[in-house]
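*Asks:* If you want the building blocks of each chain, they are given just below.
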Amino acid sequence: MARRFVAEFLLPLVRGGALRVGRPLGPRAVARVTELVARASRDPTDDEAEPIAMLGAGRRAVAGRHLPAVAAPPLDEVTVRLGAALHDLLALAHPDLVGPGLARRQEQIALAAFELASVGSPSSAREAVNRHSLLARIPEIVRVDRTVRFWLGHRTFVGRTPPGRIMALPSLRRVRVDRASRSWLREIGIPAVGRRAFLALNVASPLGEAIDPLRLDPPLGWGRILPVLRFPLVARAVAGAAVEIGVDRAGDALAGALYRFAGMHDPPFGLPASEESVAFALRFLAHLVWLDVLYGVDPELARAARPAQAGPELGLELAVVITAAARTRRSLVWPDDVPATGDLGQAFGARLDALGARASAAGSPRLAAALSIADFAAAPVTRPVAL
Amino acid sequence: MLQRIAVGQARFNLPGLTADMRGAAIGRQLVVRFAAVDRLVSFLRLLSAEQSLDDLQPGFRIVYARGGAGTREAIVLMPAAQALGDAVAHAARLAGGQVFTGAAKHFVQFRETRAPLGYDVDTLSDGAGDLIFYGVEETVPYRIESELPLGNLLLRLSLVRLHGRKVKAPEGAIYVTARRGLGTVVAGLLHRAGGYLREPAEAMRATAALCESATPSAFSSGASFWIFRIERLPARLYQLLSTTPGLELYLPVTDNVAVAVGYRHPIHLEACRGTFAADRLYLFASRGVTEVAPLPAFAAIEDLIRIRAPSPEIVDRREAVPAGRPDLAVALRLEQAGDARQPVATLIPWGQVVWLQRLVYALPPTALRAYRVVLLKRGVLLRAAEMLDGIPFGTLYQLGAPEVLVPLGMQIRPAASPQVLAERLGATGGALVLFPERNAPPVRILPEAIVPFDRRLLVEIEPALANLEAFGRTEREPDDPVEIENEPLGPMPLWGLARPR
Numbered sequence: 005m006a007r008r009f010v011a012e013f014l015l016p017l018v019r020g021g022a023l024r025v026g027r028p029l030g031p032r033a034v035a036r037v038t039e040l041v042a043r044a045s046r047d048p049t050d051d052e053a054e055p056i057a058m059l060g061a062g063r064r065a066v067a068g069r070h071l072p073a074v075a076a077p078p079l080d081e082v083t084v085r086l087g088a089a090l091h092d093l094l095a096l097a098h099p100d101l102v103g104p105g106l107a108r109r110q111e112q113i114a115l116a117a118f119e120l121a122s123v124g125s126p127s128s129a130r131e132a133v134n135r136h137s138l139l140a141r142i143p144e145i146v147r148v149d150r151t152v153r154f155w156l157g158h159r160t161f162v163g164r165t166p167p168g169r170i171m172a173l174p175s176l177r178r179v180r181v182d183r184a185s186r187s188w189l190r191e192i193g194i195p196a197v198g199r200r201a202f203l204a205l206n207v208a209s210p211l212g213e214a215i216d217p218l219r220l221d222p223p224l225g226w227g228r229i230l231p232v233l234r235f236p237l238v239a240r241a242v243a244g245a246a247v248e249i250g251v252d253r254a255g256d257a258l259a260g261a262l263y264r265f266a267g268m269h270d271p272p273f274g275l276p277a278s279e280e281s282v283a284f285a286l287r288f289l290a291h292l293v294w295l296d297v298l299y300g301v302d303p304e305l306a307r308a309a310r311p312a313q314a315g316p317e318l319g320l321e322l323a324v325v326i327t328a329a330a331r332t333r334r335s336l337v338w339p340d341d342v343p344a345t346g347d348l349g350q351a352f353g354a355r356l357d358a359l360g361a362r363a364s365a366a367g368s369p370r371l372a373a374a375l376s377i378a379d380f381a382a383a384p385v386t387r388p389v390a391l
Numbered sequence: 113m114l115q116r117i118a119v120g121q122a123r124f125n126l127p128g129l130t131a132d133m134r135g136a137a138i139g140r141q142l143v144v145r146f147a148a149v150d151r152l153v154s155f156l157r158l159l160s161a162e163q164s165l166d167d168l169q170p171g172f173r174i175v176y177a178r179g180g181a182g183t184r185e186a187i188v189l190m191p192a193a194q195a196l197g198d199a200v201a202h203a204a205r206l207a208g209g210q211v212f213t214g215a216a217k218h219f220v221q222f223r224e225t226r227a228p229l230g231y232d233v234d235t236l237s238d239g240a241g242d243l244i245f246y247g248v249e250e251t252v253p254y255r256i257e258s259e260l261p262l263g264n265l266l267l268r269l270s271l272v273r274l275h276g277r278k279v280k281a282p283e284g285a286i287y288v289t290a291r292r293g294l295g296t297v298v299a300g301l302l303h304r305a306g307g308y309l310r311e312p313a314e315a316m317r318a319t320a321a322l323c324e325s326a327t328p329s330a331f332s333s334g335a336s337f338w339i340f341r342i343e344r345l346p347a348r349l350y351q352l353l354s355t356t357p358g359l360e361l362y363l364p365v366t367d368n369v370a371v372a373v374g375y376r377h378p379i380h381l382e383a384c385r386g387t388f389a390a391d392r393l394y395l396f397a398s399r400g401v402t403e404v405a406p407l408p409a410f411a412a413i414e415d416l417i418r419i420r421a422p423s424p425e426i427v428d429r430r431e432a433v434p435a436g437r438p439d440l441a442v443a444l445r446l447e448q449a450g451d452a453r454q455p456v457a458t459l460i461p462w463g464q465v466v467w468l469q470r471l472v473y474a475l476p477p478t479a480l481r482a483y484r485v486v487l488l489k490r491g492v493l494l495r496a497a498e499m500l501d502g503i504p505f506g507t508l509y510q511l512g513a514p515e516v517l518v519p520l521g522m523q524i525r526p527a528a529s530p531q532v533l534a535e536r537l538g539a540t541g542g543a544l545v546l547f548p549e550r551n552a553p554p555v556r557i558l559p560e561a562i563v564p565f566d567r568r569l570l571v572e573i574e575p576a577l578a579n580l581e582a583f584g585r586t587e588r589e590p591d592d593p594v595e596i597e598n599e600p601l602g603p604m605p606l607w608g609l610a611r612p613r
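Residue numbers (our numbering), protein chains in the order written: chain Y, 5 to 391; chain E, 113 to 613.
Note that these hints are calculated values from the structure, not bench results.
Mixed in with the good hints, there may be bad ones.
[To be verified] Residues on chain Y that point at chain E, a partial pick, calculated with CB under 7 angstroms:
hint	residue
1	Gly20
2	Gly21
3	Ala22
4	Arg24
5	Val25
6	Gly26
7	Arg27
8	Gly30
9	Glu39
10	Pro99
11	Asp100
12	Leu115
13	Glu144
14	Arg150
15	Arg153
16	Arg164
[To be verified] If we take Cβ atoms under 7 angstroms as the criterion, some of the chain Y residues that face chain E in the derived model are:
hint	residue
17	Arg109
18	Arg147
19	Val148
20	Gly163
Here a beta-carbon is modelled for each residue, glycine too, at the ideal position from N, C-alpha and C.
If we strip away everything but chain Y, and leave its shape as in the complex, we get (with noise of 0.2 angstroms):
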């Protein structure tokens, strides 16, 4: 597995195609994927240099939608460990492991992925777009289910093609196959056990997460965002998204993670809350309203062009978090190199007072644990407490 690991795992996760799940992957391959990459960097006839470079040149289009102008983002040891972490979460669903002691192996093979995935948020914006470049495309990763029915029964290949001697006399023996296509990651869902380890690996590369705040699994968390969020390029990257998403609609989801992240109900991983990170947040949602003054549409005229059996209301979340930052302190949500009276300025007073209005018809208990979050942010009174 691990002399093939590049070329028939690693290079379809990220240009496409059949995504090889086998034997589960430990250190020691990871070891010996890493040796095999190094000799073939040194010796360009080796059998793995072609597979390389085309997962190099596949990464490098990734990671330029993001930071132009990069290199191609090297297969490293980090690298070769996120692609087998996300491989060993693969197998936790593989259907050979049936039979008593299921539990059990899918322990097994969970604590290998955690360990894996385990290598911490990335220092740098370079690391954490290169990190992306591979797994960028894990929410697209589908398992074909193929049920073929003949004339003697049926039977189900579950993520496998069927083989030859399955679909052979079609016409004779009236073979049909039935296809489930199925995501991965919000129809097949990662077993409990795995979840651990799928965590680690959004630490490890949380801009796919950043750049999707609407995803569902895992929820959004600030804690794994934040430590990429302080690259300017990747902010601004991560801003450019939400915006294109909808300011309010990626604002709800941001705001809605804002609570559990300073209530310090998200899972122990990543960057713990604390009154800097808070107020980080904080700024950065705000930045996302900035931006909507600039280049948005007007949101009343939106609001009242929508239609109105279009669900919930869009963008109160972001109305009652923005408006509890600017009631507690102006500069969580003011840069002081903007004055108030130029009109940019009077633009975004606007807005806070629309969005105040907002927040102020939704009720006052929403408000209520905003402006704690506001205040823990400007002046924190409360500190996590290790136990």
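On the provided structure of chain Y, position chain E as indicated by the hints.
*Replies:* Showing chain E alone in chain Y's frame:
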């Protein structure tokens, strides 16, 4: 040996025994002993009819205990409330049980007609056991063997069939489960029936959710079914649904518990609300209990009915006259309005398009981005999102109804509701209806023909491809799906992985 309690006696030998306001002895707990489970069920049924079992929590326990003589009996322990003793004693007598009171492990027989104020013991027994019952005839120690949670008992009991009851439509809500294949058919039936019964006071309201039962394997999908919640179900539909194979009707007992129609649970479930998890829906049927977890999110039936695809014969820019019903319908017509609204569109004849081409260089970027355009036989229709600004020529139009354009200063008569007008004219789903002139028939424009102005504006631009190698963008976006292909794991697939501690 027991002794009857005398009037005014305040001190007792049995620990935990006190005198209530009437002087009768009562302990901190009441215990009821049954020789068989069916008597226990009868007792719970009688007690739940008079007393909410939730009020007895915490402290309400059912245990199986083995007595000194080797008999295995069911014992109910509950806290002794002020007025509970008589109700429990009454229910226990009817069910064939025996009541004791006391605390910790010592319990003395509860008061009866021979001892109206109860009993006390001469001396405490030092026998081994978890519970010691002091009766008039004997003192029996019990060893607790197992505990039976009330919730488990409720879920395991078989329903009792109601014989000889005439089927009558329920007053309130009702749940209906349908196999997955029947769901859309039932939804359509309920939607149609709801349409006929649209009286304000008697309007039937139906919501539905799709549920999937849990499966023990990760590789097989569980059985799925639809669940409908119907309020004010008409009697005719009730008869129809209750006799249709594949459908099962349930009457709600509490907010999240329902029992199959034609059956009743042996125990009054409304007295056991706290026993059932609030985030689950329990459906009791004759074949067993279905737990739906989490609570299903019901969607209005109007949003679930199958929508037919639009007829392929409706093509772009085809002129059509909305046809009405022959009996009462009247034709729409345009009349002069008292006041003009804001213009939102303009129809520029093809002869004046060159003016538009010159003007676009002066239009602000917001206008270019916000305007949409349709190319018609009559000319170019320019539609603004809010208010048309900066186009001083062409025929101006205002909104006569949502997405229905009428010439400026005109209005549609008869003055039906704007929503009804838009629906009848087909101005839904992004389509646009244009009344070009006062006496001209309206034109329906499909959404595919409406394109952003700036996109239609620009000529085809094909700049020469630059050498993008330096920018790292030579690779196109990979389009192939990422598909899992499981390979054989081979022998000992976990070899080399660390074992969890």
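*Asks:* Hint by hint, say whether it matches the structure.
*Replies:* A quick look at each hint next to the structure:
1. Gly20: holds, 3 angstroms
2. Gly21: holds, 5 angstroms
3. Ala22: holds, 4 angstroms
4. Arg24: Nearest chain E Cβ about 5 angstroms off; hint holds.
5. Val25: holds, 5 angstroms
6. Gly26: Nearest chain E Cβ about 4 angstroms off; hint holds.
7. Arg27: Cβ of Arg27 of chain Y sits 5 angstroms from chain E, so the hint holds.
8. Gly30: Check passed: Cβ of Gly30 of chain Y comes within 5 angstroms of chain E, closer than 7 angstroms.
9. Glu39: Glu39 of chain Y check fails; min Cβ-Cβ to chain E is 15 angstroms, beyond 7 angstroms.
10. Pro99: This interface hint holds because 6 angstroms falls under the 7 angstroms limit.
11. Asp100: OK, holds: Asp100 of chain Y within 7 angstroms of chain E, min 4 angstroms.
12. Leu115: holds, 5 angstroms
13. Glu144: At 5 angstroms from the nearest chain E Cβ, Glu144 of chain Y passes the 7 angstroms test, so the hint holds.
14. Arg150: violated, 11 angstroms
15. Arg153: Status violated, d = 16 angstroms.
16. Arg164: With a minimum Cβ separation of about 5 angstroms from chain E (threshold 7 angstroms), the hint on Arg164 of chain Y holds.
17. Arg109: With a closest approach of 6 angstroms, the Arg109 of chain Y hint holds.
18. Arg147: holds, 4 angstroms
19. Val148: holds, 6 angstroms
20. Gly163: Constraint on Gly163 of chain Y satisfied, holds at 4 angstroms.
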